Every structure is written in C-alpha cells, then in structure tokens.
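Participant: Please dock the two separately framed chains into a single complex, following the hints provided.
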Amino acid sequence: MTDPVVRNGKKVLCVEDERFISELYARALTKAGYDIVVEPDGQRALEVAQTNNFDIILLDLMIPTITGFEVLSKLRDTTVTPQLKAKIIITTNLEQREEIRKSIEDQADGYLVKAEITPRELVEFLSHLDT
Amino acid sequence: MEYFHRFRQQLLSRLVLIILLENILVGVTWWGVTTYIELGGTETAALVGTATIVYAILIASVSAMWLTQPTKLIARAIMHVTPETAAKVEAPDPTTPAFGRELVSGLIHEVFELATTAEKTHQTITHTSDLRTNFVANSLPLPLLIFDANETILFANEVAGSYIGMPSTEMIGKSVYTVLDMLFPSEDTLDTWLADKKTKNATASSTWDRIKLNPAEGRPSRSFDLAAYYNRDNPDKFETMLVLFDHTKAYSQDDQAISFIALSVHELRTPLTLLRGYIEAFEEEFAGKLTADMNDFMFKMSATAQQLTAFVNNILNVARIDDDQLVLQLHEEQWGEVIRAAANNLALRAKVRGITIEYSIAPNLPTVGADRVSVLEVINNLVDNAIKYSGDSSRIIINTYLTANNLVETTVQDFGVGIPQNVLPNLFTKFYRDHHNRAQIGGTGLGLYLCKAIVHAHGGTVWVKSNKGEGSTFGFTLVPFANLNDEMRDSVNQDITRGAHGWIKNHSLYRR
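Chains as they are written, first to last, in our numbering: chain A, 719 to 849; chain W, 834 to 1345.
The reader is advised that the hints may include incorrect statements.
Here are the simulated BS3-like pairs of lysine-lysine, each with C-alpha atoms no more than 30 Å apart in a straight line [claimed, not checked]:
| # | chain 1 | residue 1 | chain 2 | residue 2 |
| --- | --- | --- | --- | --- |
| 1 | W | Lys1301 | A | Lys749 |
| 2 | W | Lys1082 | W | Lys1045 |
| 3 | W | Lys1298 | A | Lys803 |
Reference excerpt, derived from the structure (chain A facing chain W, CB under 10 Å, subset only) [claimed, not checked]:
| # | residue |
| --- | --- |
| 4 | Gly751 |
| 5 | Ile754 |
| 6 | Pro758 |
| 7 | Asp795 |
| 8 | Thr799 |
| 9 | Asn811 |
| 10 | Ala833 |
Residues of chain W placed beyond 10 Å of chain A at every Cβ, according to the derived structure [unchecked claim]:
| # | residue |
| --- | --- |
| 11 | Ile907 |
| 12 | Phe968 |
| 13 | Gly994 |
| 14 | Phe1017 |
| 15 | Arg1043 |
| 16 | Pro1053 |
| 17 | Leu1105 |
| 18 | Thr1106 |
| 19 | Val1160 |
| 20 | Ala1174 |
| 21 | Asp1225 |
| 22 | Glu1303 |
Because the hints were derived from the structure by calculation, they are not lab data.
Nothing here was measured: the structure is a model prediction, and the numbers come from that model.
Where a beta carbon is used, it is the ideal one built from N, C-alpha and C, also for glycine.
This is chain W alone, in the form it adopts within the complex (with noise of 0.2 Å):
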C-alpha cells in the first residue's frame, strides 16, 4: 500500500501546482491588460473570471491526459487481473511514459501481486473443497459411503471399495443395499431407521454394533459398527452418509468363543452319555437291593445328570442361534399334552429341591404350531429357574389358558426370592443375571436369553411380573395352530416325526 499513499501525496503537491500556475497566469493577464487598457471594476471582473475559466478549461484539457494516464494504467492493471475481465484486457506495459512513472509501475507492481496472492488463496480454498470430497474421503482409513434420498450412492472412499469388494467408481449410482448387503443383529436396521427420520427429522445420527456383511462370493465375512448421518434438507443433495468401523477380528474372537463352548461342550455330551446310561443300569441291577439311601442317592445322581444335560443342551442352542442354525419346525401340539409331558419330567428334578410342580391346564385348548423339542426346552428352563429361585418356598404353578388375544399362554410361577424392578428388563439379556443372585445361584444367564428366541422364532412373546421377596412369574404365548402363517408351518419333511432326542422316519406312533 506505500504506493498509493505516495500517489496520493504527489497527486496533491502536482494539483496544488497547476492551482499556483493558473493564479499566476490570470496574474499575469490581469497585469498585461490593464498596463494598455483602463478597465472599471466589472469590467476587471469580467475579464479575470473569464480568465480562469478560459486557463483552467486549457490547462484541465493539456493535464488531464497527463493525469488520468496512471488511473488508466492501473485500472488496466486491475482489469486484466480479474478473472471476469482478464480476457478482454492487455497488461499494462508498466515502463510507458507516464506521470510519476515510478510510482505507476510500482503500483502496478503491486496490483498484480496482489492479483498473485489473492489467485493463491483462492486456489487454496478449492483445494481444500477437493480435499474435502477426494483426500480427505479417500485418506479416512474407514469406508465411507454417501447416497441420496433414493439410497443411491452419491460417493465412496476408495476404501469402502476394498472392503466391499467393488472398486468405489463402480458403486455410483448403484443402491446402498445392494452393494452392502448387511445382516443387522435386530429389527432395528438402516431402512426402518431412514424410514422413520425422513418422516419425522431434518438431520439425525445413529449407530449400530455388530453387523455383519454379506460378502460377495468369495470374500470372507466381516461384522462392523455402523454410524449413520442423516440430512434431508442438504443442499449437495446428499442424504445419507455412512461410515463403517470394522470390528472383524474383536467380534470372531467373540464369536469363536462361543463355538469354542459349542465345541467343548460337545465333549462334555459323551461322558453325560456314559453316565446317565450307568445310572440307568445301575438302578436297574439293583432295583428292589438298595437301601431308602442307596436310593436317594441314586435318584439325586440322576437328576444332577438331567440337570447337566439341559445344561448343555441351552449352551449348544445358544451358539445355533448365535450361528443362526436353530431350525424350528412347527408341529401341530396338543399343548396340554406337551405341558403334562413337560412337568412330569421336571418333577424329578423338583422334588430332589424338595419342591413340587402344579399344572392346571384350561380346557378346549386349541392346538399350537410348535417345535416340541425347543417349547420343552423353554418350559425346562422356566421351571429350572424357578425352582432355583424358589428359596424356602416349596411349590410351583404352570398355568395354561387362552387369552382374550387368541393366544395360547403358557406361565411358570414360583414363590421364591423374586427379582427387583431395575433388573427386570434386562432378564432376557444373553449372560445377564441378577449380580446380587450370582454368588448364591449357579447358571450360565443363557437360559432366559434362549427362551426369548425360541418363542420369538415361534410367533410368540415372552414376559416377566415379579415382586422382590413375593416370588415371579415368567410367561410366554404360542399361536394356535390354525391361526399360524403358511410359512411357519413345517414344509419340510412331513414323514419325520421329531422327539426330544431325535426323529425317525414314517412313523405316527412314535411320540415322546
């Protein structure tokens, strides 16, 4: 800026000059004149009014030229370097002979540098909007997706190529769900999430643990974290962005754990095998020899070994769900049937606790669509729990009865210690138990996680009412048979009857 000030300066000393010169020449006129001629007042006037003007129109002429020359040097200057005008305007040549030549040039100097710099923050700033779509998208060490209100992708990293599969350029203008085909852990999932904000929100956020992707063929599996930007009302047009943390390896881990129990567990069933066949042979040859405690002690071996079987029964069924392999098969039951059966085989186990199993069963049952092997499971691990709970209290009650909804509810009531109301909601949870019952209760906090999946998976919902200290009651509802829908019936197999230990073939007898 020195320039202009030295501009201005000698702009003011040059006009205050040509102001002095033209004084002096209406002087001098005046003087000339009236040495020849005798003028009277107005007359003198007239003439040095006419004077000045007439000098000043002459000398304004002559040094206008003389001083507009730099403003139009640096308009110029100006001219050429925005980019609007930049075509249409030469650069001034900066060594044209002009007033304060000096001074011009470097003004003009310094026009185009500030013409250089301005042009290199300009590039900067869109530098760093490309960056901000390329680098910085493509840097991000997590895929990143983008997509539009139609769910069709917008943008990729190149990262969310290689995790995908597909190289980023080629996901443009595909849908999201068909190039991540996600397999979310609940009912909870990304389309009924963006469903639900486009109706009711201009921008939301979420996120998902543990989903798994279904991979192209060929490519391992991965399960990622999932968060979501939403923004209805962005003016790049994109509406959704998605950034995906992988958790792969921390999530098998997990996972192999389980199969690790699945496979162990395994182990365990050989022996369990062994033993309740020598139990059986055993009380079998001696039958009518032993003594009332011989016998006791024969009767507590053989529900301790029970007890373990369902044990390992609930481990190697929570690992199917987990692997989603649980294959359920609804049959059409004659539910009282099924709960008799039930609680007469619990009773063993029962009494060994010195309690005693109640049923009361509500007459003209419909039949249900069930998987026998897997409601037993369910009533196995009701009554189980109850009878654990059951403290001093020596009785339990499995009621049946239909309800106002047409559904067929099933429930297990103990008198024991009951469950405090802030634990109630998260009893369903996989390997959540009461802290406060874990030194006292053995259990593996599967059971109750597995009932929820099996009467789910049977159309049905479970439930709990307890009173800390007044004992629970854990429910659960089936659909009756006719009621079921086409596809929960079994289509597969119909020749197999299926037991609680197995099936065989072509056989309507045979029913345990």
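For reference, chain A alone in the conformation it holds in the complex (with noise of 0.2 Å):
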C-alpha cells in the first residue's frame, strides 16, 4: 500500500464538486501513478476537457452551473467537440430514470456509484480501461 509513485502518464480529469470525495479520489489517483486535475463545476470542467488534454474524465452528474449530463452530451456531440480520446466514466450515487440511463449507456464508457467504490476500487476500475 505504500509504493512509491510510479507515474503511468495517464492524466484524469476528475468533474466533482464535493471536495473531500475529490480529495481522496486525488490522493488514491496519484498513489497509483496518474496526472489528476480536479475541476468543480460543469461549464468549466467542459472547456478543460475540450482541450482534449485528458485520458480518463470522471464525471460527476451532480455539479454545478451545467450537470454532468450535459456536459456528457456536449462532450460526445462532435459538432460541438472534436473527437474526444478520452474515456467518460461516469461517477454518481444519484438514480436514474430509465431514458436518462440507457443515454448514458449510449455515450459513457463506464459507470460507478461512488458509494460502492472505494478509493482503490476505482483505481482498479480504472486499470481494467483501455487507455
């Protein structure tokens, strides 16, 4: 549990307005090697991942100014955005309604509820992804 820090290269994009979940999702991210960027709030977190700069987004639905499913609809809309490299997980402990789901089935590439998932967890999630 106590590696050194290897760094993987891969860079996240972490959408999440709670700071304490951020905080720890940073802390086991970069433990575990990856360039973490934590961005609260929905239209910013939306122009930073236009910079195509990022291998993994996780994306919050509960966020400020525009929800993450906008910002999930703006990012996978390609007259809006550029072909994104990136891979979208969504991280939410919200329901969804079943239209609101299978539309995130369509342009997510993975989903976690953040109350199931422990830090490490989603470490393990993540290295399971190809990136």
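Facilitator: This is how it looks when you write it as structure tokens:
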C-alpha cells in the first residue's frame, strides 16, 4: 500500500464538486501514478475537457452551472467537441430514470456508483480501461 | 267502493220491486179471467204459469235494457281505462240518462279515479326502473361499469366516463380492457379471475387493492381498489359489474413515502462514500503502525460502513421495484464463482459477530442466467439475516447444488433462534418483521421482500424452512443459462460488462 509513486503518464480529469470526494480520489489516483486535475464546475469542466488533454474523465452528474449529463452530451457531440480521446466514466450517487440511463449507456465508457466503490477500487476499475 | 255497495243495494231493492210487480200482474190477470170464466184446477195452474212466464219475459225484456245500461257504462269506463282496450272504447258520458244516474256517474268517476291512481303507481314503478340504470348509476359517486360475457361494455356511468377520460356513451360496445388499462399488483387479475369464475361459478364477487390505471395520453395516473360482481345467468345479459374506489391520494402518499425514503437515502450515499474512502485511506496510511485494538476498531468501522451500504441499496432497490425501475440483465454466470466471491465479501461482516461462513459448491454446476449485482444482493440479504438471527451460534453454511428439476438451488443456513411456524408465510412480505424479534434485532423488513422480487425476476423461487430454536434455512433457485427463455436473456448492450459497483464498456477482463 505504500509503494513509491510510479507515474504511468495517464491524465485524469475529475469533475467533482464534493471536495472530500475529489480529495480522496486525487490521493488514490496520484498514489497509483496518474496525473489528476480536479474541476468542480460543469461549464469549466467542459472547457477543460475540450482541450483533449486527458485519458480519463471522471464525471459527476450533480455539479454546478451545467449538469454532468449536459457535459457528457456536449463532449459526445462532434459539432461541439472534436473527437475526444478520453474515456468518460460517470461517477454518481444518483438514480437515473430509464431514458437517462439508456442515454448514458450510449455515450459513456463506464459508470460507477461512488458509494459502492472505495478509492482503491476506483483505481482497480480504471486499470482495466484500455487507455 | 262506497258506490259499489250502494249500487248493489239499489239493484236488490229494484229487483224485489220487479218481482212484486210481476206477482201483482199475475194476480190481477187471474182475478180478471176467473171473473168471467169458470176454470178447473189444472186450467188455473196453466193460466197462472203462462201469465207468470209471459209477464216475466215482457218485464225482463223491458227492464233488461234499463238495468244493464249502468253495467254497460261501467264496463265501457273500465275498458276505457285499461291500456289494451283504451283506444277502441270511448269514455262513457256520466250524464247519460240511466238507472240510478247519480250512482252510475259516481261509479264511473270512481273507475276513472282508480285508473288514474293505478297509472300513477305504474309510472312510479317504471320511473324507479329508469332510476336504477340512470339516476342511481349516474348519481353513484363511484365509477361503475357493466359488461357482458365477451367483456364488451353495456353500461358505464358518467363518473366512469370522467374517471377514464372518455364519454361514458363512447365506452359502450368497447372491450373493458381497452377502456380500462389496468395494472394489477399481483398475478391475480380481473381476467384470470373471470376466466376462473366462468368455468366454476354461477355468481361470484371479489375485490382487488392498489390497481393502477394506465392513463390515456396526458392524463395523470390513478390508483384504485376494484370490486367486481359476476353473474353468469343474469337475465339482463350483463355478466360482470365493476365498481372502482379511487385511492389515488392515499396510495400516492405511500408511494411518495417510499420515494422520499429513496431520496433521503441518496443523501446518505455521499457521506457513506466519504466514510468508506477515509476508512480505507486511514488503513493505508497507518498500515502496520496500528495496535491490535486499533486494527480491531478499524475493522469494525469498515464492516459497519459495508452494512450501511447494503442497507442503503436495499431501500433503493425496493423503491426501484415499486416504481417498476428495477432492470435486470441476465448474463451467463459461473455460479460457484459468484458464491465464492459473495462468501468472501461477507466474511468481514460475519467475523465482526464471531461467525464463520462455510460454503460448499456442488461439482459440475451448469452456468446460470443471473444479474450479478442483484443476485449478490439476494445472497447478501440472506447472509445478513442469518448473521442477525444467529444468536449464540457461530456457523453459517451456504450450499449450492443442482436439484432434480434441473435448477440451481442455493441455501443459506443458520443455527440460531429460528422462526415460529405461524410467521413463516409472511416473511417475504414488505415491511414484515417478526414482532417478537423487532425490539432486539434491527432491520427494515425489506430484505426478504427484495430477495423474493429479485429471484422471481430471474425466473426462480424462494423458500424458507425453520423451527424455533433450531435455526433457519433460506433457499432460492436459479435457472441454468441453457434453459433460460430467449426473452429473459440479456439482449441489451452486450458490450457492457456489469460489476457490483457499476459497468464498463468493451472489456471482457473486468469482472467484479
């Protein structure tokens, strides 16, 4: 558990407005060698993501200014965002109605219930992503 | 009736007068004849006899008209007020000169009066029968539907019209099932009940609770109780009568209650995420530096956080089931592996209570069709229950094997307090808890309800065997993947790999 940090060079954008959660994720991901950027605001997160600088985007749905679902739709809309290289993983504690759920399944690369997964388990989950 | 009595008396007295008159006439004739002619005994008898007959015929033929006229008038009066002959017979004029004119006109008036009263009574009766179908039915502040043997609507009251959102006259001739798109909470539905009654009973009645009405476009959904009356041999051709009792308000409060819980539970998830995250971070940071006591505390905190997560998931799942939002996706699963993972995952929670979980997996089990996340909930709930009710015993055994019916059965057995026989049938009911244990043992009464719903959605069944003081065994079956109906197999997004905590796309390696 106390291995020295070996950078794997992968960049993660963590869109999360709950500071304690982003703190925990940043800690675990940094330890696992990821470069992590935290952005709590929806609109700014969209702009940051559009720089296409990330391998993984962890996207909360309930965030200020524009919702995570809107961010997801805009990132997947090629008229707004050029082809994104990042894998988008939705991280949420909310339930979705059928239509939203289906739409997320179409547009996102993964989906996590935050209460169901510890930071260590998140790292394990991300290690299985083909990035 | 006064006139009838007077009429009879007068008739009698007049008849007596006629008879007297005839006798006098006969007497006068006899006296007249014998004054001029000497008659013998036989001749006298012949004369008196002939005179009596001749006078009787004469008097009768004259008075017949006079006597029968009132009868004729009364007969006409009666015929005039009788509906069948009324058109053919004119009303008699009560002023017609007739014997006992006052009496006759009185009688005719009486007949007319009686007829009017009868007419009124008749009208009242007819009116009442109209009321039955129209006034009463339409005044009934409950939707009412009547339909025939083919479930075609014969009558719908106005309330039914506004309730369903279709003019009641438009419903007539339509199938009751097209007009009333009902969602029954169990398999006991109106059509199955009717099918059963049609073969077995002449008359029957039944009620159902908490039926949802799938509303027409743009209309709010309603919830009601339903009462049905069935009569196979009804002469009016109607066979079934339905009355709806709207409980939308009461039931929606219940539904809101569960949604409110679901909503509150979401609020629990964020602190829970943090709690689990910080416990893990703490363990990592202080690994190897903690005393045995501290490690034990951490371990208990961790187990408790896990238990809280399981509780939150139970509530959310019940809310999903009640909201028809529980979506299962059945994949081919190696059941032994699922059991092993579940047992290992639950070991921590059991160990906190000093309990060890043993498991035995029969060799050569076929793969099952299962929604991994949901079946893990089932095992979690059964094992959590076993832990709660273990008392002083320290063993829980999970067994899984193939039954004679080629189903994969899994049992969770404890050796604890057991369950009294009388409460066994209620165990899988929502919010049901053994009231003897409620004070000592916590729980929501949702776990077993959830297990039943999930197992049923997999095409399996749940059961329980228990004796007070000897522990309990809960079991459930799953269908081998090869035997699963095509529609039960997951047809949605095969690219997605689901785990207990979420899903990931295009990745066969990831399995939790």
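Participant: Next, verify each hint and record whether it holds.
Facilitator: Evaluation of the provided hints:
no.: 1; hint: W:Lys1301 with A:Lys749; verdict: 52 Å, violated
no.: 2; hint: W:Lys1082 with W:Lys1045; verdict: 12 Å, holds
no.: 3; hint: W:Lys1298 with A:Lys803; verdict: 55 Å, violated
no.: 4; hint: Gly751; verdict: 15 Å, violated
no.: 5; hint: Ile754; verdict: 15 Å, violated
no.: 6; hint: Pro758; verdict: 14 Å, violated
no.: 7; hint: Asp795; verdict: 19 Å, violated
no.: 8; hint: Thr799; verdict: 19 Å, violated
no.: 9; hint: Asn811; verdict: 4 Å, holds
no.: 10; hint: Ala833; verdict: 4 Å, holds
no.: 11; hint: Ile907; verdict: 84 Å, holds
no.: 12; hint: Phe968; verdict: 46 Å, holds
no.: 13; hint: Gly994; verdict: 32 Å, holds
no.: 14; hint: Phe1017; verdict: 22 Å, holds
no.: 15; hint: Arg1043; verdict: 22 Å, holds
no.: 16; hint: Pro1053; verdict: 18 Å, holds
no.: 17; hint: Leu1105; verdict: 5 Å, violated
no.: 18; hint: Thr1106; verdict: 4 Å, violated
no.: 19; hint: Val1160; verdict: 8 Å, violated
no.: 20; hint: Ala1174; verdict: 14 Å, holds
no.: 21; hint: Asp1225; verdict: 33 Å, holds
no.: 22; hint: Glu1303; verdict: 36 Å, holds
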